[in-house]
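Spelled out from the first residue to the last, the chains are:
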Amino acid sequence: MQFPNHHSIQQKSANAMIPTTWACIVSLSLMGAAWAESGSAELSDDSKAFYHKQVEPILEKYCFSCHSMSDGKGEAHLFLDSWEGILRGGISGPALIAGKAKQSLIIQAVHQESAELSMPPKKRLPDQDIATLETWINEYQAYAPPLAANAKLPEVEKFDLEARRDAHWCWQPVQNHQAPSSPNPQYNTNAIDQWIDAKLREHELTPSPKASKRELVRRVSYDLTGLPPTPSEIDSFLTDDTPEALASLIDRFMSKPAFGEKWAQHWLDLMRYAESYGHEFDFSIHNAWKYRDYLIRAFNQDIPYDQLVREHLMGDIIEQPRIDQASGTNESIIGTAGIWLGDQTHSPVDSKGAEALRIDNKIDVVSKTFQSLTIACAKCHDHKFDAISHADYHALYGIFESTRYGLNPTKSPELLESEVQSILKAQKQLNIDINKLGTHPSPPLDPAKSIPASGPQATELALPTPNDDKGWSTDSLPPRSLVVEANEYLAYDSPQGPKLIQSSAAGIDTRKLGLNHELILRSPTFPVKNRYVHVLIDGTESNAYLVLNGFKLIRDPIYGKLVKKLTTKDNKGLHWVTFDLEGTWMHGKRHQDGIHHAYLEFSDSKVLGPALGGLKTQIHQNLRGHFQIYQVLLTNVRQPPSSPSSFLTEHGTKLNTLYHNRQLPVSSLHHVIANQSTQTDTEWMIGSAEGTGKDSPIFLRGNHHSLGQTVQRRYLEAFVGQTPAELDTNESGRRYLTEQILSPDNSLTYRVITNRLWHHLFGHGIVRTVDNFGVLGDEPSHPELLDHLANQFVRDGMSIKTMIRTIMLTETYQQSSVPMNQDAEAKDPTNQWVHRQNRRRLTAEVIRDSMLELTGTMDATLYGPPVDIHLTPFMSGRGKPAQGTIDGKNRRSIYLSVRRNFMSPFLLSFDRPTPVSTVGRRNMTNVPSQALIMMNDPFVHQLSERFATKLLSHGEIQNNQERLNLAFELALGRPIQPLEEEAYLNYLAGHHGSPQERWTAVAHTIFNLKEFIYIP
Amino acid sequence: MSHHCNNFKQMMSRRDMLAKCANGFGGLALTSLLSDKAFGNVLGQADEPIVGQGRRDMIPRPGNLPAKAKSVIFLYMDGGPSQVDTFDYKPLLRKYHGQDPAKVIGKIDATQFGNNGTIYGSPWEFQQHGQSGLWVSELFPKVAEMADDLCVINSMVAKFPEHTQANYFLHSGHGLQGRPSMGAWVGYGLGSLNQDLPGFVVLNGGLIPPGGVDCFGSGFLPATYQGNIFAPSAPYLSNINPVEKIASLQTKKLDLISAVDAAYSESLGGQVDAIDSAIQNYEMAFRMQSAVPELLDFGQETEECKELYGFDSKREGAATFGRQCLLARRMVERGVRFIELTCPPVTSDRWDQHGSLEKGHEANAGAVDQGIAGLLKDLKRRGLLDETLVVWGGEFGRTPFAQGANGRDHNPSGFTMWMAGGGIKGGMSYGSTDEWGYRVADKKVDIHDLHATILHQLGIDHKKLTYRFSGRDIRLTDVHGHVIRKILA
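Chains X and V, in that order, give the protein sequences.
Heads up: the first sequence begins at 1 in my numbering, then just goes up one per residue.
Heads up: the second sequence begins at 1 in my numbering, then just goes up one per residue.
Some hints could be false.
With a straight-line Cα cutoff of 20 Å, these simulated EDC-like cross-link-like pairs (lysine to aspartate or glutamate) come out [to be verified]:
id, chain 1, residue 1, chain 2, residue 2
1, X, Lys123, V, Glu358
2, X, Lys122, V, Asp57
3, V, Lys245, X, Glu997
4, X, Lys384, V, Glu294
5, X, Lys210, X, Glu997
6, V, Lys245, V, Glu294
7, V, Lys443, X, Glu997
8, V, Lys95, V, Glu358
Rather than coming from a laboratory, the hints here were simulated on the basis of the structure.
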């Protein structure tokens, strides 16, 4: 049989493939290359012979058992026993490109250089066989026999994003539905009850009656504050017979600071909040707890949800930062810490791989939290189920890769701006005044004292100029304000007194703002193509970092070379600092195009150095540093050009003369100094900083060393199509991303947040899988209701408190958690139609907090650094923190330290999630270790003793009955029942210890009652 | 409409309640000793996927393959023992000792510290042992006596050259925190043969590996399946000792609690499963309180047996580790599914000898050699080795060239683990590294393969043990893993 020539087959196959997705485009372009290389080549009989004699036996031996039509197995859809099968390739694309062995997947696979693409699975081809395959591809046009005439490659299911989007509810726009009116008038006061009632009637279910007032006050108290109601709160609600009783109860609880503490915890779960980085040494995350406090304030102040989202994603570049009235700090910028609370290794051998993991985690957290999508599932391939492509993942990857880890000043930006501007103005005036003198106070500057030529083999990384930041940035002001031009005068507050200096070369000089001003300066991101980065620098008490692949947690031994310290002790004056990138951390070839990237970061006092290192975070406020940068060279030449020893002229003595002669107004210099020295200090907070906007290539099969085509930074194709407007290189794209998420047309954002609120008030969401609205998640039980909530939420100004209040005031929320009858339970066993409330177990934190609260020993202090937890003997290992007291200083659980490697066993046992990724719905397990804790843990025992003390010291109690009743009122919010009383009195009678012992035992049993840990 | 909430307290009669207060937990203690016999081996064949969304119990259940082993003992050599100094004999290293590895071996991969020295021949002698003639170095003289029971896999690879990630990877098949440990997967898949003891136990020798206790976590699986850590000294298990000094003080409390709880449950119409299981948990917890001390009581063990495990050894850490090994056997006897042992802290820092290899490896091997050998011998003579899979190894191996002058850096590209018992062929080695003991040359086995094989021996097809989380059906072996068929007996 005559086999058709390759050209025609390829064309046929190509036509058969419709490029509906980006992945197909990749395939297509690879095929294009194949045509170009082999299309015109005449296939000789030699090729056939070579294949059959040399190649086929190898494929037969190693490949066909899993990848052939003859064996009927096409793992990963790959069939290697026909040319058509080879060309179509498997899930990773065409198996080879004729003529280009090196670029061919099959060759990459048999070389086994990456774990993701490594074949055959259990062995390695002998080198000579690999060579044969390479020869086959390069010299014999990779001839393979055509498919038999009547054979057909098994279909591969195509990824059809549009079809998937059209088929799944969560992508459809939020609708405005008219709520059905109910025959039962009590449900017609609001749309929520109407929608719920409609489904109940549809399923012939009877709702439960209203919960008792006692149950309601307990439920509302726990849901709003995470604490049990006090007996007096219960009483005043029971005696309030007005129709507004519940509404005013809600308002009272909502106005307590405890509201923020309770609801911030839910948000912390979404942000996988922790105060340490985990891994080997469990280093601290600088000031993470300030983010926790920020959330508590935000929920208490009912910051609109869109603002909260904006602050999380772009609080550092927000137009009008939100300033906390009490402290004057910039709240918006603190919000950006949220995405940086993931884990971190301290010395990854593969820095690029480490970056990829961290960005993956950010994508996961952001997409689950705000959109309830599992975008991270599209890391290695198109999403298996949802309308999310592999390219979508990398479009977002680019946005997060362009976002830098920064320490940000929390000082009010307005204040910062005005301080800086007055200094700059004074510096300008000083220059005008000096120049007015006509005669320069110094001799002409030496022309030899200028910046050396970069040399032919070096690329210069341009520094900012007075009119152009050249891609550089600082934590606050535009870098151009730090530029000092050649011969410009500059005054600053040196430790030896005011100084006037003049530089013969243009550069960056932080003394322009004075030594009081701390700042961080960052270069644009550049691809790492050269071995050396030389920086011509001067200064003291400063740091220069080379941030490779976003890796900032620099620490010896491996990464020590990437930080250079300028100290007073070894004052080097003007000198070259050289970063040598020939290091083990690159894990791959330096010159591999586009894989590694870096930027330079300078901080102008030692203060920020270790903090930026991120691991050790002591702040030394008394060290004041400065730096000057004159040139940055990227080169393969080890030796930097020779430079002068200084560019500077100091005018100290000359100045005195000038003042003396009253030629120079003293005030113009002192004005500078005064403005410099009155600058106020700032706190520094981890968070996001803008980086150079950079699109990411696709990581083929999720392997960051195997790069596909570059994808433009954009949001999901399902929302914005494949080619929205391009983003500028001076922005990461977070502003754009925020706009997309907050767009009124986004079908997810407002459904997601209202569903979360519903979940926390009912124990399950309208969509139960609160973090996954995708195909593998649950469908909404009440889709119209969900849309109603989303619309209502937006109409009400995205007020979380308003939505909570609205839900709480419904009949649905106020139902009893006990079913009306067995029938209802049988018809709706999972309670998806909400025929009753759910009896919900208290969360770990709430159990602990309740014990502290009802024994009257809670320390209700708000905010502050984390409190050390009590370490059990089972908790050891590197990074072990200080031992805390058993009672955690009586603070609410939200203030207990959250260290990844040293999580509280008590809280973990009751399902506090380990901080890995977004958890909107906690596990609710029921395990014997919980019983063991409640029975035997020293904390529970200590609190039992305190409860006993409280019961015994109550002045007005006459007898054991009253005391038991008080115990029940405090712990369970209800009086003791006669049978219970009898059982307890019997128990007391049989206990022969001291009163304190007896009542400690009673208290202990009450903490162990199931009723104690369930919301009625 | 009757207000059900107010009349529920009458549902339980006075007699019921008082009766409940009087006799529950006192009697329960007696049942604990019986319970390990209450469940037979219910492993069977079904070839069905094992998925159990919502499952959180330890009731024994069949796997989906015929099981060879009931329990696993994982001897975890924290820090990464050197393959070329233990079970992977490479005489060429001595020949080229002191030479530049780049010249002798060729391309050298990135190492953790990047402080590579010269080729470092093993300071220890190797000998062939047993009828099988397996090579074992003099670091493990006692284990060497059991050579014919070992299946030494010389061709292991790990994905990460850094401890924490490698530890997570070895334990959970994933290089980051938060996935279930293999012991948790086993409990989830098969339940436990003993309802009074946890199904997954970590016998901690005194060191918690980098990555912390999350190496033994249940991840997204219910907390039921997480590893329970037994400390090397009292108190052995968290919260296992009653706070009450006298037993009756606790049982009376528990009786009272159970009575009030029962009334509460009834008041809800007995509809709330969670509350009923919470009530039952108290019974299990109570039984654990007595089962654990019984487990820890070595009174019935003979002196000969204790000696076998090295209770009288003078080597640092050996008695501690021997104790853990004996405890492991006692747990196997009681049906605990997955028992992991970590190393005792000896003079050096785990097996992680970046420097002073000789001193550190001597100390580490000295601490574990006798205990391991004693365990293998004891299991064998009791007929337990056949149904117990013993696995030995660390998160990666070490470089055949030095780090600095006298250490070895991490090497994930080729290292050794061994298995014994549990339906694995003894007296064989499987796979090999190159002549330097550096990279795998033949029959590469990755961690996923190890997991697949362990599950296979327990009667689980690793591809069919899944849990849906985060939108995916997740497996211990992710999308990888092949059972190493050639080592199955």
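Here is how each hint holds up against the structure:
1. X:Lys123 <-> V:Glu358: violated, 33 Å
2. X:Lys122 <-> V:Asp57: Distance of about 37 Å is beyond 20 Å: violated.
3. V:Lys245 <-> X:Glu997: It holds: about 12 Å lies between the C-alpha atoms, which stays within 20 Å.
4. X:Lys384 <-> V:Glu294: violated, 50 Å
5. X:Lys210 <-> X:Glu997: violated, 40 Å
6. V:Lys245 <-> V:Glu294: holds, 18 Å
7. V:Lys443 <-> X:Glu997: violated, 66 Å
8. V:Lys95 <-> V:Glu358: Holds. Lys95 of chain V to Glu358 of chain V sits at ~19 Å (cutoff 20 Å).
Of the numbered hints stated above, those contradicted by the structure are hints 1, 2, 4, 5 and 7, listed in ascending order.
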